[in-house]
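Taking the hints into account, I'd like the entire structure generated from these sequences.
Numbering (the numbering used here), first residue to last: 1 to 378.
Since the hints were made in silico from the structure, they are not lab data.
Worth double-checking, as some hints may not be accurate.
Stated by the list, open to error - In silico BS3-like pairs for lysine-lysine, Cα to Cα no more than 30 Å straight-line:
hint	residue 1	residue 2
1	Lys113	Lys125
2	Lys240	Lys291
3	Lys2	Lys113
4	Lys240	Lys302
5	Lys240	Lys264
6	Lys264	Lys291
7	Lys302	Lys264
8	Lys302	Lys291
These figures come from a predicted structure and were not determined experimentally.
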Amino acid sequence: MKIVIAGGGRVGGALAARLVSEHHTVTVIERDAGICARLFEEVGVVTVCGDATNPRVLEAAGISTADVAAAVLAHDPANLAFTMLVRAVSSARLMVRMLDTNYREAYRLAGVKELVAEAEVVVAKMTTAIDFPQVSGSLPLTNSDALLFELTIPSRARVAGQTVAQVRTLEGFPRECIFIAMVDPQGNTQLPEGNTQLRAGSTVILVARRAQVATAVEFLTAEPPLGAGLASSLATTLRKLDFLSPLSDDELENVARGAELLQKPAGTELFRQGDPGETFYVVVSGEVAMKDGSRNTVATVKQGGFFGELALLTGEPRNATAVTTTPCELAAVGRDDFRGVMMANPAVALEMSRILGQRLSRVQGGQVPPKRRGLFGR
Numbered sequence: 001m002k003i004v005i006a007g008g009g010r011v012g013g014a015l016a017a018r019l020v021s022e023h024h025t026v027t028v029i030e031r032d033a034g035i036c037a038r039l040f041e042e043v044g045v046v047t048v049c050g051d052a053t054n055p056r057v058l059e060a061a062g063i064s065t066a067d068v069a070a071a072v073l074a075h076d077p078a079n080l081a082f083t084m085l086v087r088a089v090s091s092a093r094l095m096v097r098m099l100d101t102n103y104r105e106a107y108r109l110a111g112v113k114e115l116v117a118e119a120e121v122v123v124a125k126m127t128t129a130i131d132f133p134q135v136s137g138s139l140p141l142t143n144s145d146a147l148l149f150e151l152t153i154p155s156r157a158r159v160a161g162q163t164v165a166q167v168r169t170l171e172g173f174p175r176e177c178i179f180i181a182m183v184d185p186q187g188n189t190q191l192p193e194g195n196t197q198l199r200a201g202s203t204v205i206l207v208a209r210r211a212q213v214a215t216a217v218e219f220l221t222a223e224p225p226l227g228a229g230l231a232s233s234l235a236t237t238l239r240k241l242d243f244l245s246p247l248s249d250d251e252l253e254n255v256a257r258g259a260e261l262l263q264k265p266a267g268t269e270l271f272r273q274g275d276p277g278e279t280f281y282v283v284v285s286g287e288v289a290m291k292d293g294s295r296n297t298v299a300t301v302k303q304g305g306f307f308g309e310l311a312l313l314t315g316e317p318r319n320a321t322a323v324t325t326t327p328c329e330l331a332a333v334g335r336d337d338f339r340g341v342m343m344a345n346p347a348v349a350l351e352m353s354r355i356l357g358q359r360l361s362r363v364q365g366g367q368v369p370p371k372r373r374g375l376f377g378r
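Structure below.
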């Protein structure tokens, strides 16, 4: 198609580059001669140096034979003037980047049907990212409360391996949530059908009403708790920790069931020296190297071992960097997994604090550490 773009700034230049790469015939109208020269040299696009609201400049750009006219000038009055001139001399399809929504009606009266409200798009994307951190990208659909969004299926998601049809029939899954596409980790795109499997690590693209996005995200990312066998094995490992000795078997089992199972490839940095300690880890399989500030390995934690508990309990920064040296399966136990137990049993909390104090005294040669926010928030 033949496309004329009014404005060669950041948006206009990027738009021109994309359209040229897709083999469209593109002409950019831009006042700044330097920008015109750069676009010609870097993008290879035809440029007309001049005012996009000047009829003679529009004529030089070939507006009368254009298929599409896109207005991305820096101000709405200039964009509006451009669209009105184009409407008078051309049958080109009009598209406008609207900066101020107060101009919406003026654009409508000028015959513009395709508006991109920049502020609305940015606000919608940011609020979606804030409300739904699992969503990696989103786009509000025009004149509706529907949202196009994408997210990645976690490795342990309940729905991993299920078909689209099976997920849509789950009790509570939003019926109006539609699967649009699925992209595998290699970047291959598939248009899903009912028998298409949702695979771990793949990105799914969906449309749903904004009020239903939270429910859809929960269904697609929820992970099952640790199985009874693995939770029991983890509880046995946790029993080796001196500061957990006051906990009963049932309490340890509850802590273990709240753990998150992680699968990490070799070379993954779990945390860095100096990071805050919010989680400690148990190695279910594989090996993890603990490295000092010079990246020298000071310890290796193997299957059944654990690390990171001291920083979690004391609130001290991490004193080493943890890196997986082989593919690993790890159980991550967070601060919040303990708090419920502690709040329900203050006597246990006091005993754990006493044991922790003795341990710190041994580790630090009797020195009292600076007071920081530890497990109990004190």
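Structure-based check of each hint:
1. This hinted pair checks out: Lys113 and Lys125 have alpha carbons roughly 22 Å apart, not beyond 30 Å.
2. Straight-line distance between C-alpha atoms of Lys240 and Lys291 comes to about 23 Å, which keeps the hinted pair within the 30 Å bound.
3. The straight-line distance between the Cα atoms of Lys2 and Lys113 is roughly 19 Å, inside the 30 Å bound, and the hint therefore holds.
4. At roughly 15 Å between alpha-carbon atoms, Lys240 and Lys302 fall within 30 Å of each other, so this suggested pair holds.
5. A threshold of 30 Å between alpha carbons decides the hint, and for Lys240 with Lys264 the separation of about 24 Å falls inside it, so the pair holds.
6. Using a Cα cut-off of 30 Å, the hinted pair Lys264 and Lys291 holds, with the two alpha carbons roughly 18 Å apart.
7. Simply put, Lys302 and Lys264 have alpha-carbon atoms about 14 Å apart, close enough for the 30 Å limit, and the pair holds.
8. For the hint linking Lys302 to Lys291, the alpha-carbon distance of about 15 Å falls within 30 Å, and the restraint holds.
In this structure, none of the earlier numbered hints is contradicted; all agree with it.
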